[in-house]
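Make a model of the complete structure from these sequences and hints.
4 protein chains.
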Amino acid sequence: MCGVFGVYGHPEAATLAYLGLHALQHRGQESAGIVATDGKRLHTHRAMGLVRDAFGPEDLAKLPGFGAIGHVRYSTAGGSSVKNAQPLSAKYAGGSIAVAHNGNLTNAEEVRERLEARGSIFQSSSDTEVIVHLVAISIQRAVEDRIADALHQLTGAYSLVILTETSLIAVRDPMGIRPLVLGRLPPSESPGLVASEPTAFDLIDAKWVREIKPGEMVIIDEKGLRSSFPFASSPRKSCVFEYVYFARPDSKLGGVSVYEARKNLGRRLAEEWPAQGDVVVPVPDSGVPAAIGYAERSALPFEMGLIRSHYVGRTFIEPEQSIRHFGVRLKLNPVTDVLRGKSVIVIDDSIVRGTTSRKIVKMVRDAGAKAVHLRISSPPTEWPCYYGIDTPTRMELVASSHSAEEISKYVTSDSLGYLSLDGMLNAVTGTRGFEGERGDFCHACFSGEYPTSLGPGAVNGTEGLMSPRRQGL
Amino acid sequence: MCGVFGVYGHPEAATLAYLGLHALQHRGQESAGIVATDGKRLHTHRAMGLVRDAFGPEDLAKLPGFGAIGHVRYSTAGGSSVKNAQPLSAKYAGGSIAVAHNGNLTNAEEVRERLEARGSIFQSSSDTEVIVHLVAISIQRAVEDRIADALHQLTGAYSLVILTETSLIAVRDPMGIRPLVLGRLPPSESPGLVASEPTAFDLIDAKWVREIKPGEMVIIDEKGLRSSFPFASSPRKSCVFEYVYFARPDSKLGGVSVYEARKNLGRRLAEEWPAQGDVVVPVPDSGVPAAIGYAERSALPFEMGLIRSHYVGRTFIEPEQSIRHFGVRLKLNPVTDVLRGKSVIVIDDSIVRGTTSRKIVKMVRDAGAKAVHLRISSPPTEWPCYYGIDTPTRMELVASSHSAEEISKYVTSDSLGYLSLDGMLNAVTGTRGFEGERGDFCHACFSGEYPTSLGPGAVNGTEGLMSPRRQGL
Amino acid sequence: MCGVFGVYGHPEAATLAYLGLHALQHRGQESAGIVATDGKRLHTHRAMGLVRDAFGPEDLAKLPGFGAIGHVRYSTAGGSSVKNAQPLSAKYAGGSIAVAHNGNLTNAEEVRERLEARGSIFQSSSDTEVIVHLVAISIQRAVEDRIADALHQLTGAYSLVILTETSLIAVRDPMGIRPLVLGRLPPSESPGLVASEPTAFDLIDAKWVREIKPGEMVIIDEKGLRSSFPFASSPRKSCVFEYVYFARPDSKLGGVSVYEARKNLGRRLAEEWPAQGDVVVPVPDSGVPAAIGYAERSALPFEMGLIRSHYVGRTFIEPEQSIRHFGVRLKLNPVTDVLRGKSVIVIDDSIVRGTTSRKIVKMVRDAGAKAVHLRISSPPTEWPCYYGIDTPTRMELVASSHSAEEISKYVTSDSLGYLSLDGMLNAVTGTRGFEGERGDFCHACFSGEYPTSLGPGAVNGTEGLMSPRRQGL
Amino acid sequence: MCGVFGVYGHPEAATLAYLGLHALQHRGQESAGIVATDGKRLHTHRAMGLVRDAFGPEDLAKLPGFGAIGHVRYSTAGGSSVKNAQPLSAKYAGGSIAVAHNGNLTNAEEVRERLEARGSIFQSSSDTEVIVHLVAISIQRAVEDRIADALHQLTGAYSLVILTETSLIAVRDPMGIRPLVLGRLPPSESPGLVASEPTAFDLIDAKWVREIKPGEMVIIDEKGLRSSFPFASSPRKSCVFEYVYFARPDSKLGGVSVYEARKNLGRRLAEEWPAQGDVVVPVPDSGVPAAIGYAERSALPFEMGLIRSHYVGRTFIEPEQSIRHFGVRLKLNPVTDVLRGKSVIVIDDSIVRGTTSRKIVKMVRDAGAKAVHLRISSPPTEWPCYYGIDTPTRMELVASSHSAEEISKYVTSDSLGYLSLDGMLNAVTGTRGFEGERGDFCHACFSGEYPTSLGPGAVNGTEGLMSPRRQGL
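Chains as they are written, first to last, in the working numbering: chain A, 1 to 473; chain B, 1001 to 1473; chain C, 2001 to 2473; chain D, 3001 to 3473.
Mixed in with the good hints there might be a few duds.
For the chain D half of the interface with chain A, some residues (derived, Cβ under 7 Å), not all of them [claimed, not checked]: (1) Ala3090; (2) Glu3116; (3) Gly3119; (4) Ile3121; (5) Ala3136.
Under the rule of at most 16 Å between Cα atoms (straight-line distance), these lysine to aspartate or glutamate pairs were calculated in the EDC-like manner [to be verified]: (6) D/Lys3223 to D/Glu3165; (7) B/Lys1331 to A/Glu271; (8) C/Lys2362 to D/Glu3165; (9) D/Lys3207 to C/Glu2320; (10) C/Lys2091 to B/Glu1109.
Restraint ranges, calculated between C-beta atoms of paired labels, are given here [unchecked claim]: (11) B/Pro1392 to D/Ser3081: 44 to 54 Å; (12) C/Ser2188 to B/Pro1392: 17 to 27 Å; (13) A/Ala117 to D/Arg3394: 43 to 53 Å; (14) C/Ser2188 to B/Gly1327: 36 to 46 Å; (15) D/His3310 to C/Pro2011: 51 to 61 Å; (16) D/Ser3233 to A/Pro230: 54 to 64 Å.
The hints are simulated quantities; they were obtained by calculation from the structure and are not laboratory data.
Quick caveat: nothing in here was measured; it's all calculated off a predicted structure.
Quick reminder that beta carbons are idealized off the backbone N, C-alpha and C, glycines included.
In structure tokens, the structure reads:
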């Protein structure tokens, strides 16, 4: 998971990118970066941490120019260093290029080995660097042809925003796995903005124009916007988990309000898995709309019975003698008076390892709940994602080897209900405004139906990171 | 507004204080500090920013000992420097002392001038330093007598947590304006914890024991706990705004769940100010429980129609050409599909200058709402607070010179309703578990009825800061 | 050892102070600080390290005004923190005051205890803070009277440069132990500069005017310069070790060129302690002029047979397995071809613990010298200094318990000769331009004849640091 | 100018490299870096500044292993960034490689363009990176063959120290332009050390073994040391300026003590350019041995009449109103009593732009000298160096367009004498221990006789930096 942003044709391009990245911050908190062009050369600033910490006024002052791209990168357990921060920029014989990538390439390692064999030197363990090297060795002349040439050799998920000295280029993989949208900044009528989610446009009073289509390449330069479709056509397979968890609730994807889709997931969940409860309580923040939908459909009261602290950093210090972990407790705390003596229906979006859910159930019960019914607004997460989401391996996914009943026992809930695959797809496609078809979604993490071949070197990680054994340098 | 925490008798006292401060972070984000004692000397670490940024493992490692106090300080426009961070510590002839203060002294400046005239040298512009100097010049022998001696000369609001080499002392002013509670850490049966709010105990699996009473001084040392009441008795005047806005919803104050009190405020508001609306939308996060109460009582749907970003820092960078301010937009964004075409009832806790409300109303309307009814879960804020809350002067408080009707026009709402003073007090005192009487509250910011004399040098500021003219050095 | 500088009446006062401190850097490398006044308030910047590291352009930009004082502080083993950096500034009832101090007070601890007993709170372990507190409690009105009042209660060595909002004040103790000189910046005819050594004037093209006399207080403000002698008169006792080691060779003190004085010490040493040598080699840099004098008088060749590296910091990292210490080797390296097969006369200024001399002798011998004759251009250092020089205690001074013969054996030299006390005084007073008398010098570190009473609390340390037991806070 | 160091077969290799770099610090103060190998991977730390500032204990702790190479880089006006710091390390298909380079390649730009045309991506503007890319694309198998393959395609000056996971490799260009020596660390009998100058061995108690020969490649790994000569043989052309200025006086190069060579230069200078003077004064530190030789041969007294401050950093802050520059004054100050009324012979090693010499002559005259005779211990510097010394272009070299007489007038000296080319070569080759012939030296900066072809892309700069137009990225 990452967020990308691009702007062309504004005198303070880097500052717009900075604001846009704020709105995409939920897609990645590990590092942030912006590359800007003044028409002659690219200027780069990348740093670890949130956008607010990574950029100060003096950093933006060093990013002059009319075009800029930005990237926020998701936190990963290992491989966390500014070396892997994006956008990645390089100079090659044809000029300079900077790339911001959301997604994950499934054959990056094979291609990398072939490139190294001919003498290419890699600087990072990022799969994105493979794209840059393929661009550099392409025998095409125009940069857009070099990029198409490079991408023809790669498979997987990519929503790319690319900057050269004189142009902004956006490309989405043929299946459209990760989102990518086009916007414009009034009074201009011409699109000059690209972002992972339209929320990034709201912030700067810009307008959503349209989705970048699966397989489309958009080039924006002084001549305006050109669009092409350099790849063989392919069925659309957009990530359904964006609706369940990733995207911001105030975003609109595929014609659908994410907030409304989540409420629908909650309603459907109430139908599939009703519960004898007194109160519906979300795991905040992502579980809130589903809980509102669940409460509405069940005609039960909705309460914010778990309070989230937004001040907790990614690491904190515990007493050495402690035998329990503070993690969940630091982030969530129960409102005792709301829970005590009640039968509580807790709504969450997914269960990964099960350890967090277990702590939440215990917390609710310790606050005095007489029963805890856990309801999940998506199917069991059984399969790792190879398209840019940092899920654990199958080994660690509790649902890949345990039934819902076993999981319910493990997390100590009185009952556990997962939304069905059908129910999930129905909820999303049934949301007002949906454009497309039921088959347009990748739901490999629930179904194991991967829309691309994976190959021996397929790596399950955040884009930008190869497998652990490649992270050595 | 600030938060204080104290612990005595635990081998990792500073780490417990660090965790406790996390739970009090909502009471102050400007700076954080901890002082610990190992029985021989005090060790201090203070830094700007959130607890998570101010403290690393190496900082805690330098704070050994069995006793510790901590402080989080509220953000203020000026006077923001680590010099004003707390706890404030000093060495005087009788030993070392560190003080963490929540509240504000109303005669600090007069006393300070008298102290300077006799040769005392002040290091900061903090009113808390006056306490320390009075302790140092006291002719009493025992530190608790020195402290009582000092506080006899001071008026205003103070919930103090004080550390010496060998003891932890907590004092609350005679009117109990700011909260202060006592806790214990099982398996110990003896109280060894003090905090601004009981939420700080939840985090470390500690237990709430009781409130520190107005006018009470509690001393905890190797001999256990001693309590005394060194001041003349006084009517209780606890800050009612803690229930409306300050305290965490998962806290319990005066026997009352803050969450439940806020829901009651919302219910009462619905009765006093019903509206012809389609949907009830809170200004998150503080408006959420009141909105749930309002929706319940009005039988209208509750929706999270405004999304709050929790990644925005206190300062951010705007384009130079921008004529509007991004502030509110960075923090809040509308969910268009929830608001479009609806008559929206927006619930907030208070209006200060009116500028933020104006932006929120505009945002909701721009998202397509056909009407915006603003409802406030407290009375108009007409008077500045002199007891530790950083409200603006009367000049800047929009309600001090404008009627609700004028304010409604200014913020461009279709209607505006403030909860009445009576309604607010009824809602709080009517909440399940309330112990006490209707007259126990300070509501000066709404009524102008200040429970203490203010004197010529009274300063309206966060504790720890004298008036601007004293901040020169 | 420290260096002080003051300037009044120049629009870039802080920048002049910054340049002046560069020229005094040899007097202290641990920390540097400047306080400037713009007529209304004092602005301070202090930091650890060399002047070049402690001050950047942005730091100087924050020090506006027409008056400034600066301080460089000597490195000490413990107590090294920015808290002890000078100038020390404070606000008291009468206004603001900043003090830069070279010297050491011998009754600071007693006075401090009395001040604490009446309620004064100390911020540092510095003896300089005692001065500030005495100024604050003085019942005098004018600041110069307050300062005189304070200094009447103190004994020891002090060359003080003091800044208030509107004046620059310089005071030298009645015996004139540490140097202090007055200068002017052309085209001004009026003195507006004060410094520890006249070298600080050379750098900024300023002119030496005269010494500040022992016991003199000079006040420079908008009315010009006023001089007074507020103390009872006392015999002059200037530190003779300034000529031997401390002062820069390009300085002039008491009418005498320090370089010429050192050459005279070398000549006299050659007369008292001739040696059968082939070559005269100094321990650089301080031993160079004495070695030139020794070589001239002996008619032997002078060679730079030991090379000093100027890049070595105060701490460095050694291999863990190492049994020897790299210290001296990192700083000094022999020129083998100059030493091999020769009888080498090594000239140094003093021997403190003996360990460094031992390493140097070994180094010269390992380079192939057939004999090493060590000659010291001052008498044996037997007594600690209580007037501002950070010598070890008697216990650690090798000469306090061992004869020259024993020391020679310990350092493994073939012979060792110390200049006699008489010889040293004759050499200095015999230098061209000397004004004064043979009895004008403090030579307590050689003779044990301390010119002041020392009292029970006398502390042997750098000014600014009390005894270890007071460094607790 | 740079310094390189390598060590193989010691458990604390990085710490030895750190100590060795201290001894080479005079060869470069801009940045410092070390790469270490633990047999499996390379670990790197590079930072701006002196070795003492660039490395702390925690940095060395992250450089485990038995082999290490280090590099110190010279200060240059532009292009100063950690990106250009060395050693440069990279991973290619064959493994990892790190390179530390002293020298400058004269055809780097042409080769770089050819490499970019085939798709290589460069990370820095360093010519050293060209070597790495050539190694990566070589079709040879063994790393030593890849290196030889790469170097066959390059011309210019290089003393290289290269580290792989399992070996240390040292190579010197066929003409041996820059020095490179081999050492061993007792008790080991086998050479495991390489350095630019033998001084680096002294520091760690290691022994000089022999020079690395021009055109020699030495490989040290677990099998011991292997030597080969992969290049066509070529006449030796070692840089004569190492003797005049660069090398430390305590180093020995080509069998000759640098200190003794400099004294010989001074003696010869006295013969060629005697002067009617009273005193011989060096410009410290580099002019000291030549001045001692000059004084000896002239039978005139030697005096340290100019004092150098070693505390001045590379940048400092001047008053804005200043019309003169403080630069020289901050570093050098005259000893007035030594110079006043005298006819002073000032000895320096070279004149580059003439501006510094002009300031020095003025300073000596202002101190009261009645005449200033400037004597230079090398011939006029008329030509830029293309082999690793950062001299200005011909345009800026005052001697390339002005006669000695004109320069004397410009610098305001009473007379100016440069040592002749013959005299310089005679002095160096006549020093005790010299091995080789008069024709073994490169003296292109004096004579314009460049020993290699220069080509259109030849760049005059420090190694590691291409021409300004390549520094864009």
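Exercise for the section: Against chain A, run the beta carbon of alanine 3090 of chain D and see if the smallest gap drops under 7 Å. Expected result: Where the cut-off is 7 Å and the nearest Cβ of chain A is about 5 Å from alanine 3090 of chain D, the hint holds.
Problem - Given pair status - glutamate 3165 of chain D, lysine 2362 of chain C, alpha carbons within 16 Å - result: 39 Å, violated
Exercise for the section: Starting from lysine 3223 of chain D, check that the Cα of glutamate 3165 of chain D is at most 16 Å away, please. Expected result: 14 Å, holds
Problem - 43 to 53 Å as the expected CB spacing between arginine 3394 of chain D and alanine 117 of chain A, which holds or is violated - result: 45 Å, holds
Exercise for the section: For the range 54 to 64 Å, tell me whether the beta carbons of serine 3233 of chain D and proline 230 of chain A fit it or not. Expected result: 55 Å, holds
Problem - Given pair status - glutamate 2320 of chain C, lysine 3207 of chain D, alpha carbons within 16 Å - result: Roughly 21 Å between the alpha carbons, so the hint for lysine 3207 of chain D and glutamate 2320 of chain C is violated.
Practice task
Take the C-beta atom of histidine 3310 of chain D and the C-beta atom of proline 2011 of chain C, compute their distance, and say whether it sits inside 51 to 61 Å.
Solution key: Check failed, 31 Å falls outside 51 to 61 Å.
Exercise for the section: Tell me if isoleucine 3121 of chain D is really an interface residue toward chain A, meaning its C-beta lies closer than 7 Å to one of theirs. Expected result: 5 Å, holds
Practice task
Hint says 36 to 46 Å; check whether the CB-CB distance for serine 2188 of chain C and glycine 1327 of chain B agrees.
Solution key: 52 Å, violated
Handout entry: Satisfaction of the alanine 3136 of chain D interface hint, Cβ to chain A closer than 7 Å
Key = Hint on alanine 3136 of chain D: holds, closest Cβ of chain A at ~4 Å, below 7 Å.
Practice task
Starting from the range 44 to 54 Å, see whether the pair proline 1392 of chain B and serine 3081 of chain D falls in it by beta-carbon distance.
Solution key: 47 Å, holds
Practice task
Report holds or violated for the interface hint on glycine 3119 of chain D, using the least CB-CB distance to chain A and a cut-off of 7 Å.
Solution key: 3 Å, holds
Of the hints listed earlier, those the structure fails to meet are numbers 7, 8, 9, 12, 14, 15, in rising order.
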